[in-house]
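Enquirer: Residues per chain, in single letters:
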Amino acid sequence: MLNRTPLYKTHVALQGRLVDFAGWEMPIQFAGILAEVRTVRSQLGLFDVSHMGRIWLTGSDAIRILNWLTTADVSSLRVSRAKYTLICNDKGGIIDDGILYRLGEEKYLLICNASNRAKVWAVLTAARDKQFNSVELDDLTTTIGMIALQGPFANEAMNDFAPGIVEALRPFQIRRAEILGQSMLVARTGYTGEDGFEIMPESTVCPEVWYGLVERGAAPCGLGSRDILRLEAGLLLHGSDMDETVNPFEAGLDRFVFTEKESMSSASFHTVLKHGINKKLVGFLMVDRGVPRHGFDIIKGETIVGVVTSGGYSPSLDSYIGLGYVPIEAASPGTLIHISVRGRLVEAQVTTLPFYTRRKS
Amino acid sequence: MNSPTDRRYSKEHEWVLTEPQGVAFVGITDYAQDQLGDVVYVDLPNVGDVVNQFDKLGEIESVKAVSDFFSPISGEISETNGVLIEKPELVNSDPYDSGWIVKLSSVDGLQLNNLLNSQEYDLYLSEIEH
Chain H
1368 MLNRTPLYKT HVALQGRLVD FAGWEMPIQF AGILAEVRTV RSQLGLFDVS
1418 HMGRIWLTGS DAIRILNWLT TADVSSLRVS RAKYTLICND KGGIIDDGIL
1468 YRLGEEKYLL ICNASNRAKV WAVLTAARDK QFNSVELDDL TTTIGMIALQ
1518 GPFANEAMND FAPGIVEALR PFQIRRAEIL GQSMLVARTG YTGEDGFEIM
1568 PESTVCPEVW YGLVERGAAP CGLGSRDILR LEAGLLLHGS DMDETVNPFE
1618 AGLDRFVFTE KESMSSASFH TVLKHGINKK LVGFLMVDRG VPRHGFDIIK
1668 GETIVGVVTS GGYSPSLDSY IGLGYVPIEA ASPGTLIHIS VRGRLVEAQV
1718 TTLPFYTRRK S
Chain U
2 MNSPTDRRYS KEHEWVLTEP QGVAFVGITD YAQDQLGDVV YVDLPNVGDV
52 VNQFDKLGEI ESVKAVSDFF SPISGEISET NGVLIEKPEL VNSDPYDSGW
102 IVKLSSVDGL QLNNLLNSQE YDLYLSEIEH
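From first to last, the protein sequence lines stand for chains H and U.
For any residue, its number in the working numbering is found by taking its place in the first sequence, counting from 1, and adding 1367.
For any residue, its number in the working numbering is found by taking its place in the second sequence, counting from 1, and adding 1.
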């Protein structure tokens, strides 16, 4: 039996096409994947992201356990701020990525991938039992939902739906707010490359929040469009673009690694920094037509040198784009490579990330 | 659902519309495009190739997946719909007309008997939908 979010019935009523995603019955599309991408880029979209793991950490050891397990300088994260961060193993391999929010002096919220929630929970509880006893861990994934409102009209819709919140939240901030007479967390974060909000109501309130935003012009969107939006924005997907076999430097996530602290993975990071890396995640644009997909070989000359980790058609660029690992010597923007599309060699060119940057208003 | 009555259908959800002098147009059905979702690439066969009925004709890539499509009738490929290179989405928006994929010559009208007429195809769809 698949898990269902508090919005399951809403998706069925809105005729969303439901699929199994990491053990959750989630809508992959409503109006259509490409139409939804275009709506989020030009107007406003609404995503159910309640499947993502939401774990609260409370207590005097919260900051210490997070400094030990994540790659961020957690000490510098101020109350009501958020940071993108990674959890790595002792060899530097990426166990998961997520957003860390500081809710109070000794209170944090970690949002992780649905597919890695059990693994993250295991890492957290093991560290707590071993050396950080003064932290309470609460997985509230199934009692509190999460709705992402994303797109250039997000501010307008949010202002109308819950006045006062937009002014109180700058990007990567989080606040508790009173909406529909209920207290809930609202963050100005997302995974689309657009401005927007992530709202975390109690499960029972989720449908009312969802319909309230639909009434204000937000189009229901599924995970299919979300995957293209994040790829266009150069945001990696754990399990596709990175996993425990690669380290943050290979994945191009150097800027999220604070190396001047001792952590579960700091020794391995110092080794990597000393010896350098041999491969790197790059973005590429297809020069000739062909759809790059996860697992396709990357060819340079006549040799297989790497592998595609994500790819597809980008409606925002009207072109085929992808991410993949290549040797350092093939990682410079402009380098010509070939993608083996089921045996057909299609030319591509390494490019800078992100593929898409929103125009700041 | 009412599929156009002027053509025949395969159980793999391709259609064939025959014209005089052994010419036929081939495409995929509305049901097929809906199941595939947004089409982003059509791998067209080479003009001049000869295909047998129900053989693989090419590949259609949607956002989600790659699917083979098959020729509902034997013939020689005399033309492919080049517009689909720039606008593969026509397969979604207009599957029975401007979204045609391949034009065949030297087709054998008798092979149409191996295919479904529109009524039979609609009935077939209602069966697989339930």
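One thing to keep in mind: the hints can contain errors.
Some residues of chain H that are not near chain U, with every Cβ distance over 12 Å (derived) [as the list claims (entries may be wrong)]:
#1 Arg-1384
#2 Gln-1396
#3 Ile-1400
#4 Glu-1472
#5 Ala-1493
#6 Ser-1570
#7 Gly-1579
#8 Gly-1591
#9 Phe-1616
#10 Val-1654
#11 Gly-1657
#12 Val-1674
#13 Ser-1681
#14 Ser-1699
#15 Arg-1709
#16 Thr-1718
A short, non-exhaustive set of chain H residues, derived as facing chain U with CB atoms under 10 Å [claimed, not checked]:
#17 Asp-1594
#18 Val-1708
#19 Leu-1712
What the hints contain is simulated information worked out from the structure, not anything from laboratory work.
Values in this document were obtained by computation on a predicted structure and should not be read as measured data.
Backbone N, C-alpha and C fix where the C-beta goes; we use that ideal spot for every residue, glycine too.
Enquirer: Each hint: holds or not?
Expert: Each hint tested on the structure:
{"no.": "1", "hint": "Arg-1384", "in the structure": "violated (8 Å)"}
{"no.": "2", "hint": "Gln-1396", "in the structure": "violated (7 Å)"}
{"no.": "3", "hint": "Ile-1400", "in the structure": "violated (5 Å)"}
{"no.": "4", "hint": "Glu-1472", "in the structure": "holds (45 Å)"}
{"no.": "5", "hint": "Ala-1493", "in the structure": "holds (37 Å)"}
{"no.": "6", "hint": "Ser-1570", "in the structure": "holds (29 Å)"}
{"no.": "7", "hint": "Gly-1579", "in the structure": "holds (29 Å)"}
{"no.": "8", "hint": "Gly-1591", "in the structure": "violated (6 Å)"}
{"no.": "9", "hint": "Phe-1616", "in the structure": "holds (31 Å)"}
{"no.": "10", "hint": "Val-1654", "in the structure": "holds (15 Å)"}
{"no.": "11", "hint": "Gly-1657", "in the structure": "violated (7 Å)"}
{"no.": "12", "hint": "Val-1674", "in the structure": "holds (17 Å)"}
{"no.": "13", "hint": "Ser-1681", "in the structure": "violated (9 Å)"}
{"no.": "14", "hint": "Ser-1699", "in the structure": "holds (28 Å)"}
{"no.": "15", "hint": "Arg-1709", "in the structure": "violated (8 Å)"}
{"no.": "16", "hint": "Thr-1718", "in the structure": "holds (19 Å)"}
{"no.": "17", "hint": "Asp-1594", "in the structure": "holds (9 Å)"}
{"no.": "18", "hint": "Val-1708", "in the structure": "holds (9 Å)"}
{"no.": "19", "hint": "Leu-1712", "in the structure": "violated (14 Å)"}
Hints 1, 2, 3, 8, 11, 13, 15 and 19 from the list above are not met by this structure, while the remaining hints are.
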